[in-house]
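K.L.:
Listed below, chain by chain, are the residues.
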Amino acid sequence: DSGVTQTPKHLITATGQRVTLRCSPRSGDLSVYWYQQSLDQGLQFLIQYYNGEERAKGNILERFSAQQFPDLHSELNLSSLELGDSALYFCASSAQTGGGETQYFGPGTRLLVL
Amino acid sequence: EDQVTQSPEALRLQEGESSSLNCSYTVSGLRGLFWYRQDPGKGPEFLFTLYSAGEEKEKERLKATLTKKESFLHITAPKPEDSATYLCAVHGSGNTGKLIFGQGTTLQVKP
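Residue numbers (the working numbering), protein chains in the order written: chain B, 1 to 114; chain R, 1 to 111.
This is chain B alone, in the form it adopts within the complex:
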């Protein structure tokens, strides 16, 4: 158990809908990262927050947004869902930010868009 929690574990929804994925980092970690894993793309970095502020962005679609709250939990919002958004979404956390820090991953949310 990495100490990172994610809810829900599974999510099934329809195209055009909006969903929210939630992540609680390990106790004491200030950085939260979101990654998407699909069969053809592997693990892709989406976005990073550090102590409530956006720190880095990857190839995150405009339909996707995220935030980190004062208690350091984070939410990833996916809107206008398309079939291609079906994937595993992982949250990871680390103590600080910058290079060299180990990121610990949560169990993931499996999203299926029908």
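In short, the hints are calculated from the structure, not lab data.
For clarity, every value in this text was computed on a predicted model and none was experimentally measured.
Among the clues, some could well be false.
Facing chain B, according to a computed beta carbon distance under 8 angstroms, are these residues of chain R, among others [said to hold, decoys possible]:
{"hint": "1", "residue": "K42"}
{"hint": "2", "residue": "L47"}
{"hint": "3", "residue": "T49"}
{"hint": "4", "residue": "A53"}
{"hint": "5", "residue": "F72"}
{"hint": "6", "residue": "K98"}
{"hint": "7", "residue": "L99"}
{"hint": "8", "residue": "F101"}
We put the beta carbon where it would ideally sit given N, CA and C, even for glycine.
Chain B is fixed; fit chain R onto it per the hints.
P.N.:
Coordinates of chain R only, in the frame set by chain B:
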């Protein structure tokens, strides 16, 4: 552009048959190379962090090594429970913690 390439894509071993997985990387200024293990449908589980060429780390049957251009994950006398996908990642350029992952090597160890 930062890049990570892992080989082979898949590896089948008999129990006890040692082998190595390769991770080649291109990054401007390595700040950390990471190995993770991932079981189907689960989150990546941290194994090792390596920071500089020549560094080695061991854990049970696994040993990770690092050179200036690649890293190896050596598996000695593997057991069926070592079957998983092994992911290599590097910290990308810039002052963030963004990880660049390889596509992984899927290892199957048969009894």
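K.L.:
Look at each hint and say if it fits the structure.
P.N.:
Against the structure, the hints:
no.: 1; hint: K42; verdict: 6 angstroms, holds
no.: 2; hint: L47; verdict: 10 angstroms, violated
no.: 3; hint: T49; verdict: 5 angstroms, holds
no.: 4; hint: A53; verdict: 15 angstroms, violated
no.: 5; hint: F72; verdict: 19 angstroms, violated
no.: 6; hint: K98; verdict: 5 angstroms, holds
no.: 7; hint: L99; verdict: 6 angstroms, holds
no.: 8; hint: F101; verdict: 4 angstroms, holds
Hints 2, 4 and 5 from the earlier list are contradicted by this structure; the remaining hints agree with it.
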